[in-house]
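Chemist: Sequence:
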Amino acid sequence: MSSEAAWDQADLLKFGWRRPIRAIVQGQNSECGLACVGMIANYYGSRLDLVDLRKINSNSARGMSLAALTDLAGELGLHSRAIRVELDEIVNVRLPAIIHFDANHFVVLERVRSGKYYIVDPQIGTVRMTRKYFSPRFTGIVMELMPVKNFKPFKGVGGSSLLSIFGSVKGVRSSLTWLFLLALALEVTVLVSPLFVQSVVDTVIVNHDESLLATIAIAYFLLLTIQIFISSVRTWSVNVVSTSLLLGWSANVFRRLLRLPNSYFESRSLGDISSRFGSLADVQQSVSVGLLEAAMDSCVAALTLAVLFLYDPLLAWIVLAGVLSYILLRLAALRAIMDNNIDVISALARQETNFIESVRSVALVRRSNKQAFQTAKYVNHLNESQRKRLDLQALQMLFSGAGSLLFGAVKILVIFLGAKQAMLGSLTAGMLVAFIFYVDQFTGRASKLVDFVIGLRVAKVHIDRVSDITSTAEEVFLEGSYKGPLFNADVELVNVSFRYGHNEPWLLHGQDLHVASGECIAICGPSGVGKSTLVKILSGDLDPLAGSLRLGGIDIQKLGKRRFREIVSTVTQDDNLMSGSITQNITGFSPEPDDEFAMECARVAGVHDEIMAMPMRYETLIGDLGVLVSGGQKQRLCLARALYRRPRVLILDEATSHLDPATEIKVSAALTELNCTRVLIAHRAETLIFAGKVMLLNHGKLKPLNKSQAFAEL
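The sequence shown begins at 1 in the UniProt record's numbering and counts up by one.
A hint or two may mislead.
[Unchecked claim] Heads up, simulated BS3-like pairs for lysine-lysine below, C-alpha to C-alpha not over 27 Å straight-line: (1) Lys460 to Lys448; (2) Lys558 to Lys55; (3) Lys132 to Lys55; (4) Lys55 to Lys116; (5) Lys558 to Lys483.
What the hints contain is simulated information worked out from the structure, not anything from laboratory work.
Make a model of the complete structure from these sequences and hints.
Modeler: If you want it as structure tokens, here you go:
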């Protein structure tokens, strides 16, 4: 929409009331703009989450400009106007609005009040800032948004069900039925208990009936024994079911995680992904068996309330009013608790990310003498996460204390009025004692039920984080329809085009490439022109926007990526080893490894002699970062791992960049003897020696070079 669009006064009146902004937490590092537009669209009545926004606009892989934000706002039915304002003029801006922060981030400015700036940051949640801290971070750029005439709110697909997010777990239904029966039996014993006390007070004491007292005591003891036994069995069963659910859900989500495309992992930090997966435990703790307990609590609360009305309607209404007041109290705290939960989760994710990055880069940290700096950075993240956790705990304690005070006041009032009723003869002493027991039962169960329902809203924060994994589309074309043989290992690109976003330059534009079976082709070009992207397309990790990838003349969509990867092996400069022995790494942790062939692969990769010089030889243990091996050894082990799969096509993306020229020539000569199709990404002359053909990639075009030209390019 045009930035010159005038604001319609009728719309200003229609949408003039103030309502809170519901935070949408960005899933990727570059989704702040996407989330901000979504938050303001929801403010005006839409119901969108991050998944819906990605479907509407996918131009956020490398961030969004103001122009892209304007386009997205227009798609959601919002006028937009980008303006530059001084800090003192920001009070005249129509809020909520998107503001540019820290020169590389978008946030929503919700309101300005009493010198405080309330922002909703899609990265960390709701934040209140003073002018002192707000001023240096605000760049002066503001985007105002408001609905167009005849605005129709967008309704997204809504939140996913737990079943669709986590999948089903076998045996859970029968286990939950068993738990329900145990809980039912336990509740019956609990509800009967006050009647024993009433009988003692109203009958035994009044009539001085010692034999009845003994009978009641024995019966009460037996009931207590049964109650403890059922409670113990129920607790054990709950633990078993909870563990089964967590195992089943974790396996389902992890299976889904490994099926996501590479773009998912490239746009998120490792700590953030780990934190999202860790939210499973919070969801399981909040939801799984809690659903059963909530159902039972609702039944017991309803039954107990009916009993209270049978005893004394007036006192029952007082108790019910107390519970309704508690509901209002919890609803008043809901938004603050949700915002604080988002703050805690985001802070913990940043802390975990910083920890993982520090450990993975520990050698660089030492070489740069940055130990003190990195420690201070981690402590700052730790301090932030713990401070936000303390804020959440303080808020929970405040409202928990208020709830306890409320129910305590209700109980005192019930005792006061009940005692008056007993003195007037409307209630017996035993009935009053039993009534108080039932009051405790009702308020306890009702408050648990309310807490559970409120907890579901809070748990949605964790569910949304997990759904970032489960709602992301899996990698496509894993299985193909073609089951016939492949008569050759020709690799072809046919009219392939690719770029990362609508406003990004083409890395490939209508390009063709043919690598004949057994041929070796080298691709060179300046840094940043898309050579690694080309490798991802050739290896099936990235789907082109147009055109097709073919193997043996069969389109990869028909062949299927799973079968394609059985034939093609890829080695990149960033490949890692996994924790285990050298043999396990070369054989891909096969349960039935071929040790002789693993050694042969190591010989071809030029690393066998160095392995044999190690004390444990092929049983030497290495870590995920290649502990105990050099950079060159790590690359050659990755190459041996690729060769162990007996590929007909081998794609090497600077896979020998850490080798000295002599070793690289030796390895390349050994690879030539394999007679497999090879595609090499070259930055050094040694890589070109054994290539039969050289191609230059630049400005989205592939063109052939003779070797003299190629050496000049390098």
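Chemist: All hints, please: hold or fail.
Modeler: Quick rundown of the hints versus the structure:
This hinted pair checks out: Lys460 and Lys448 have alpha carbons roughly 18 Å apart, not beyond 27 Å. This hinted pair checks out: Lys558 and Lys55 have alpha carbons roughly 26 Å apart, not beyond 27 Å. Among the hinted pairs, Lys132 with Lys55 is inconsistent with the structure: their alpha-carbon atoms are about 39 Å apart, more than 27 Å. Using a Cα cut-off of 27 Å, the hinted pair Lys55 and Lys116 is violated, with the two alpha carbons roughly 35 Å apart.
Among the hinted pairs, Lys558 with Lys483 is consistent with the structure: their alpha-carbon atoms are about 9 Å apart, no more than 27 Å.
Hints 3 and 4 from the earlier list are contradicted by this structure; the remaining hints agree with it.
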